[in-house]
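Engineer: Chain by chain, the residues:
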Amino acid sequence: MNALRRYGEIYGLMLRNSVIREMNFKANFLLWLVVELLWCAVQLAAIEVLYGYVDEIGGWSKWQVVLLVGTHQLTSQFFQAFCFNNLSNVSELVRTGRLDFMLLLPVDSQFMVSLRQFSLDSMVNALVSVGIIGFALHKLGHQPGLAQIGLFTCGVLAATLVHYAIMCGLATASFWIVKAQGLIYGYYNIFNIARYPSRIFKGVFGFVFRWVFPVLVVANVPAGILAGLFKQPLWPMAHLLAVSTLSFLAARIFWKLAVRRYASASS
Amino acid sequence: MSAAALSKYLRVANIGMQNTFVYRWNFLARASFGIVPLVGTVFIWRAIFGSREDTVAGYDFATMVFYFLCVMLVENLVSPAEDDWQIAAEIREGQISALLIKPMNHLLYRTGLFLSARVVYAMVTLPIVGLLFWWYREYVQLPSDPVTWVLAGVSVAMAAFIQFFIAYALAMMAFWVLEISTLVFIFYSFEYFLSGHMFPVDVMPQWLQDTIRWLPFPYELYFPVAVFLERVKGEALWSGLAIQAAWVLLMALLCRWLWRRGVQRYEAVGG
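Sequence lines, in order, name chains A and B.
Sequential numbering of the first sequence, starting at 1, is according to our numbering.
Sequential numbering of the second sequence, starting at 268, is according to our numbering.
It cannot be assumed that every hint is accurate.
[Said to hold, decoys possible] Derived Cβ-Cβ restraints for the label pairs, each shown as a range:
1. A:Ile10 x B:Arg480: 49 to 59 Å
2. B:Trp443 x A:Leu104: 32 to 42 Å
3. B:Gln476 x A:Ala41: 11 to 21 Å
4. B:Trp416 x A:Leu104: 53 to 63 Å
5. B:Ile282 x A:Leu44: 39 to 49 Å
6. A:Leu30 x B:Gln473: 31 to 41 Å
Keep in mind that the hints were calculated from the coordinates and are not lab data.
Note that the Cβ used here is the ideal one computed from N, Cα and C, for glycine as well.
Excised from the complex, chain A in its bound form (with noise of 0.2 Å):
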């Protein structure tokens, strides 16, 4: 318990550095903002496209899809606030050798480098989703219980975890491909599907992208049990727990075998 006290303390001090750290760049944070929002955009102008030509895919109607994008986006942005950009940095650290100064800190290696800075202009981005998420429900006319919001919000934390796992792992890779921007690339490539219906992935990939890369689970999981899709929402949920809390070790595991063979560089 004094442990986890003791990472508390030092992740409100980290949380307090990065949010003074970003309000010295104002404009840059609004920037931020706007780019994000206009990514958003894009996504709805690409359903608003599609949904021109059909009325359902995959058994989602045109607003279920946009409450699917709105919950994909509420889970990245809540993983990019905590951890993107600390993951996308490790390359950058392994590569100069900065890395050593992180293992020497008496605290867990993969605590520091994944939770440095906070990115306050995700977490507003995240409040936009919410937006999103909202008024999509609005037009379908439809009010999901308490139990429903409930899931959804575990739904929504272990997605992140799901989001933490794979970017982790694919930030570890950078310990043996030393150049990573094609690692952060693949993020992007892998997640760009979460935000599909789920049952139009059939045979192999569906397999690979439910259970290795368990993607499709991430936004749909949670969107469709607020959208009331599942008849019986316990078992899709299950499936969300289980992957995240297996990529999680899996990453945990990598990252430990990686340090391990970490021969420091530059010095």
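Fit chain B to the supplied structure of chain A, relying on the hints for placement.
Structural biologist: Positioned in the frame of chain A, the structure of chain B alone reads:
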């Protein structure tokens, strides 16, 4: 350009090739992950065509899949990978001072590096693209007319230069602002939607098509692929090629102008 000058830039290209080869694993990773969105796209269009009898704006399922395969091929051939970030970083960190004192035209120097990086990138990633063409071979419908091949080739080359000049022009912003990534991503969001990356431009509403016809975006990806698919013919083909060529020229001039203005402001920070 004299033979000596040409050999100078060929030398640059050669060095660039060797430097880029270091990043072959990075390229391979990038191309492999590029498969995922394509697979997603194929599944979504299968679902869309499954729930309607008719074609979509003249595309049937096979043509649609082939369109996205070609987009992927063109992207792997022509899209600058990191040129914009590299140039911007060189400006920000003052490394271009070393280039300024050399008897070289920066735009040509960078073009040499861009082309060499494209060759290496394509060599590394084409096996993956080839594999995808094989995997989806039932949808591949190569044009029979040799003229189409030639015109599509020309159009792809022009698309490469438009994309590269845009990246270069965005990087030039580093002379004025410290951090260009927000500007780059704002531009990319338009490019992503309007270049034909997400779906063929002619699937979009007519008013939007009429507007973006005059913008550079569709000529970065959609147009060369549409030429190859023989979806633009006759007058539209020639006027499209003309607009594309005009954008190549215009962007090149813009790059030159931005570079000159930028260097006047340049302070050689940290140099």
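Engineer: Next, verify each hint and record whether it holds.
Structural biologist: Okay, the hints, checked on the actual structure:
Distance hint check: the CB atoms of Ile10 (chain A) and Arg480 (chain B) are about 56 Å apart, consistent with the given range 49 to 59 Å. Distance hint check for Trp443 (chain B) and Leu104 (chain A): the Cβ-Cβ separation is about 39 Å, which falls inside the suggested range of 32 to 42 Å. With their beta carbons about 19 Å apart, Gln476 (chain B) and Ala41 (chain A) fall inside the hinted range of 11 to 21 Å. Between Trp416 (chain B) and Leu104 (chain A) the beta carbon distance is about 60 Å. The supplied range of 53 to 63 Å therefore holds.
Against the hinted window of 39 to 49 Å, the Cβ-Cβ separation of Ile282 (chain B) and Leu44 (chain A) comes to about 45 Å, which satisfies the hint. Checked against the given bound of 31 to 41 Å, the beta carbons of Leu30 (chain A) and Gln473 (chain B), roughly 35 Å apart, stay inside it.
The structure shown violates none of the earlier numbered hints.
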